[in-house]
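**Q** Sequence:
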Amino acid sequence: MESLHLLILLLVVAVSFVILAVQAFRLWLRKRLSRTGWIVAGIALLPIAGLIAMEVKNGGMEYNPSGATLERIAGLYVNGNASLILRKDGTYSSSNLDGLTSGTWSHFDWNLTLSGSNLKQPRWITRRGSPAVLPYYSGPDGSDGLLLRKQSEQAGAPNAP
Numbered sequence: 001m002e003s004l005h006l007l008i009l010l011l012v013v014a015v016s017f018v019i020l021a022v023q024a025f026r027l028w029l030r031k032r033l034s035r036t037g038w039i040v041a042g043i044a045l046l047p048i049a050g051l052i053a054m055e056v057k058n059g060g061m062e063y064n065p066s067g068a069t070l071e072r073i074a075g076l077y078v079n080g081n082a083s084l085i086l087r088k089d090g091t092y093s094s095s096n097l098d099g100l101t102s103g104t105w106s107h108f109d110w111n112l113t114l115s116g117s118n119l120k121q122p123r124w125i126t127r128r129g130s131p132a133v134l135p136y137y138s139g140p141d142g143s144d145g146l147l148l149r150k151q152s153e154q155a156g157a158p159n160a161p
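In terms of this note's numbering, the sequence shown is residues 1 to 161.
Note that these hints are calculated values from the structure, not bench results. Source: prediction; values computed, not measured. Even for Gly, the Cβ is constructed at its ideal location relative to N, Cα and C. Some hints here could point you the wrong way.
DEER-style ranges, computed between Cβ atoms [stated by the list, open to error]: (1) F17 - M61: 23 to 33 Å; (2) S130 - G90: 20 to 30 Å; (3) A21 - E55: 13 to 23 Å; (4) F17 - T91: 46 to 56 Å; (5) E62 - R35: 35 to 45 Å; (6) N96 - E55: 26 to 36 Å; (7) S66 - F25: 38 to 48 Å; (8) I39 - T113: 47 to 57 Å; (9) V15 - S66: 27 to 37 Å; (10) L27 - R128: 29 to 39 Å; (11) G90 - I19: 49 to 59 Å; (12) W28 - I48: 17 to 27 Å.
The whole structure should be built from the sequences, with the hints applied where relevant.
**A** Written as structure tokens, this is what we have:
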């Protein structure tokens, strides 16, 4: 279903580029555009501007990254005073994350399971190529909530704090 949306979006953007090319050619040929020509060009720019705004808003966030392995996921994730340590031995500890303190964790692809957790769908993602954890993926208010960024590769060691 997501690929169908992407295909439709690409088709709309391609048609917009064709319309803009025609209007640019008319401008070059006649040295001016009619009021209707400018309106058509402006409308053709809307899907392109929307696509750019969507990319800026998401900031290069990949919600289903490939290569979600234990070695890549384990580590220290921090945002302000909230932190989460996912160790390679399958244990975790956290602070300032909705009552979580410690327990065991596991993953299936990018989905995380934290024992004793009341978090809804914690998820491992990448943002601009850097690993991160969304502890409240699809939270009750519809937002992704807090983004914990990976800080240290050494934090995933079994004897890490």
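**Q** Next, verify each hint and record whether it holds.
**A** Cross-check of the supplied hints:
In this structure the supplied range 23 to 33 Å holds for F17 paired with M61, their Cβ-Cβ distance being about 25 Å. At roughly 23 Å, the beta-carbon separation of S130 and G90 lies within the given 20 to 30 Å, and the hint holds. Judged by the Cβ atoms, the range 13 to 23 Å given for A21 and E55 holds: they are separated by roughly 22 Å. The beta-carbon spacing between F17 and T91, approximately 52 Å, falls within the hinted interval of 46 to 56 Å.
Distance hint for E62 and R35: a CB-CB separation of about 43 Å, consistent with the stated range 35 to 45 Å. At about 31 Å, the CB distance of N96 to E55 agrees with the hint of 26 to 36 Å. Checking the proposed 38 to 48 Å range against S66 and F25 shows it holds: the Cβ atoms sit about 42 Å from each other. Distance hint check: the CB atoms of I39 and T113 are about 53 Å apart, consistent with the given range 47 to 57 Å.
Separated by about 31 Å at the C-beta atoms, V15 and S66 satisfy the suggested range of 27 to 37 Å. L27 and R128 have their C-beta atoms about 37 Å apart, which keeps the hinted 29 to 39 Å range intact. Between G90 and I19, the C-beta spacing of about 55 Å keeps the proposed range 49 to 59 Å intact. Separation of W28 from I48 is about 20 Å and conforms to the stated range, judged on CB atoms against 17 to 27 Å.
When each numbered hint is compared with the structure, no violation occurs for any of them.
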